[in-house]
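Chains as they are written, first to last, in the numbering used here: chain Z, 14 to 468; chain D, 69 to 279.
A portion of the hints provided could be inaccurate.
[As the list claims (entries may be wrong)] Just a few of them, taken from the derived set where beta-carbon distance is under 7 Å, the chain D residues facing chain Z:
{"id": "1", "residue": "Leu114"}
{"id": "2", "residue": "Asp170"}
{"id": "3", "residue": "Val172"}
{"id": "4", "residue": "Gly173"}
{"id": "5", "residue": "Asp205"}
{"id": "6", "residue": "Asn251"}
{"id": "7", "residue": "Thr255"}
{"id": "8", "residue": "Glu258"}
{"id": "9", "residue": "Arg261"}
{"id": "10", "residue": "Arg264"}
For the record, the hints were derived by calculation from the structure and aren't laboratory data.
Note that the structure is a prediction, hence the values are computed from the model and not measured.
The beta carbon of each residue, even a glycine, is placed where N, CA and C say it ideally should be.
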Amino acid sequence: MTLTDRVGADLTRGRVSVELDDIQATVLRYRPEPYYGTHVMLHLEDARAGRDFLRRLTPHVDSAAEWWQAAEPWISVAITYSGLDALEVPKDSLQSFPEAFREGMAARADQLLDHGDNDPKNWEPAFREGLIHIGVSVFSDSEETWHHTMELARRHYEGRPGLTVLSAEDFGAQPGDLNPLGYKDSIGQPAIEGCGVDPLPGQGPAIKAGEFILGYPGEAGEPLPSPRPDVLGRNGTFVGLRKYQSRVGAFNRFLQTHAQSDDERELLAAKLVGRWRSGAPLTLAPTKDDPELGSDPSRNNNFTYAGDPDGRQVPLGCHMRRMNPRDTKMAVLADVNLHRIVRRSTTYGAPYDPNAISEHDDNVPRGLHFIFVSAKAMATMEFLQQEWINNGNFMSLGDERDPNIGLQEDGATFTIPQQPVRRRVHGVETFNVLRGGEYFFMPSLSALSWLGNLS
Amino acid sequence: MATDVQTTTHSPQDLTVEEQIAHLRELFADAPEVGRTALERVLNELTSQATDPPPPVQSAGRVGIRLGKISELTIIVPLAPGGAERLRAFLRLLGGNLAGADKVGTVHDMRFVFLDNDTRMLFATAYDGDSWDSYIDDFVTKIPDYLDIMDSAWEGWPGIRSPGAKDYLAAHQVSAEGWYVGNPDLTVVETRRLKRIGKAVDEFLDKIGDE
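Could you put together the complete structure from these sequences and hints?
In structure tokens form, the structure reads like this:
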């Protein structure tokens, strides 16, 4: 199903002022519904093998041309700083990349506040040791085309000297398109100016393309700093990956401890995120779930917080309101348009289990690949982690953290504003634990050719 | 053993408290009488403070230091021709109180000091957060003009929208080496919240107390 099919009449075509056929598909194509796929992480033993691989794969990497009409599976390629170094990209070009990208996510633990349970020393080895050079992903809306596309990709990376497969992790959210904690996710996306589609209902005004794609003006009027040479940077972007293990047992126990009936548990689950688990936003369904609303892309994002300044419908500290405050009047001056990310997250492992309550259940492999795209992805994620996720100051919530992806300390609370007196729930735990992460550069198709033809 | 103990080649962090006190007394041997005798009078108290120290200052990004949640930014900058007069008139219009900073929400204080016959300026601020980098892009899109009115008094200021603006600030910034904060855990926002709550609690207790 194309985006046009899903949204119907609410999708209106707009101006195209970016080079869609040079930008990789992942940057603009929405995650399919349902979605299937695989993330493959590769390590290069020598530059020649890496360049050969890119030359072979690039013709099969999809562009964002007519992305709103796309229904086929797609392949994407992204490269870490170590990967660019392993490809023997010239030194002055390597130096032109942002410092955070060059250091790699593990080395940015202090800026990301990845401490305690999220500390890189606890990460999976490939992430902990910065071994990942190239990430190849396949996205599809059917099992059959997923397997078919994987076969094609495998032919290019399997059994090649100089190329090691570190991991191939399947993803998908079946049954029901639910993430491991039982939510329909990845609903809200930024509208990007000049990409051929006007903002969908509720997305707000389009944000300047340069915030998400290198080489175009950003919100302040100038293009953001871009890697050199121009052919390498232009139409590229940065992608962050943070792989979380979802502690379903702890989450279910939390719901059972703090709510007595099924209805109360669902309402509490909704207050933590800002949407019922069906996807219906609390603003439009304040007391009762509405699954039809939750699954309708023309309606499920069409709201503002104008009527809810104090958070009595949508708590100020809930996940959705922290990640996109929209028109909330915050205690700290900020321009929300500068901190948006495109999300292409995927769910992996065992499906959501409403009956899981043990610590053993917490360790059954299942969770999220939180994948975010922005022309300044490193700076944005580090800002979000410091200011809006692991901090409540911007919403007058003191030290409270995001209940979904925050790193919780002992005694963590979650405030639910209500009359006559707010409810403060105690005993919030870290429900999503970080198992690894990395910063990637997602080159344009021209840049992929340039890299493949380096000599 | 070498005679290094006599010289000052060790960095202070390498020395024990006893060694640092000894070093301090050595330095004060050449101090004015008033300082030398003062040091001797508080020596015991000072030694026990140093032996059981409070949390030390930490860095606040590229330049500048932080204690708890509150960082300092200190800039010393040459003033542009006519800059002092323009900035002084602007400050005077607002009674010397840039209360517009209320809406920024993270600024504890700001200080504008004209030095050396209006040829240089000291600008100093205490603010919430790790580093002023975090929200500066937001200032560029939300309050660029007030920043440019003030900062254009500074020699060579490229404008807040220029990519060189952050480098300009960092180049003129000097890290403090001593930074004391009365309530290092209290952000501007948290203080306002506690004031509201405190007032409500007082009213509530008044009601109960009257019964």
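Right, here's what the structure says about each hint:
1. Leu114: 33 Å, violated
2. Asp170: Check failed: Cβ of Asp170 of chain D comes no nearer than 10 Å to chain Z, outside 7 Å.
3. Val172: This hint holds: Val172 of chain D lies near chain Z, its Cβ roughly 5 Å from the closest one there, short of 7 Å.
4. Gly173: Nearest chain Z Cβ about 4 Å off; hint holds.
5. Asp205: OK, holds: Asp205 of chain D within 7 Å of chain Z, min 5 Å.
6. Asn251: Asn251 of chain D check fails; min Cβ-Cβ to chain Z is 13 Å, beyond 7 Å.
7. Thr255: Result: holds, 5 Å to nearest chain Z Cβ.
8. Glu258: 6 Å, holds
9. Arg261: Nearest chain Z Cβ about 5 Å off; hint holds.
10. Arg264: 9 Å, violated
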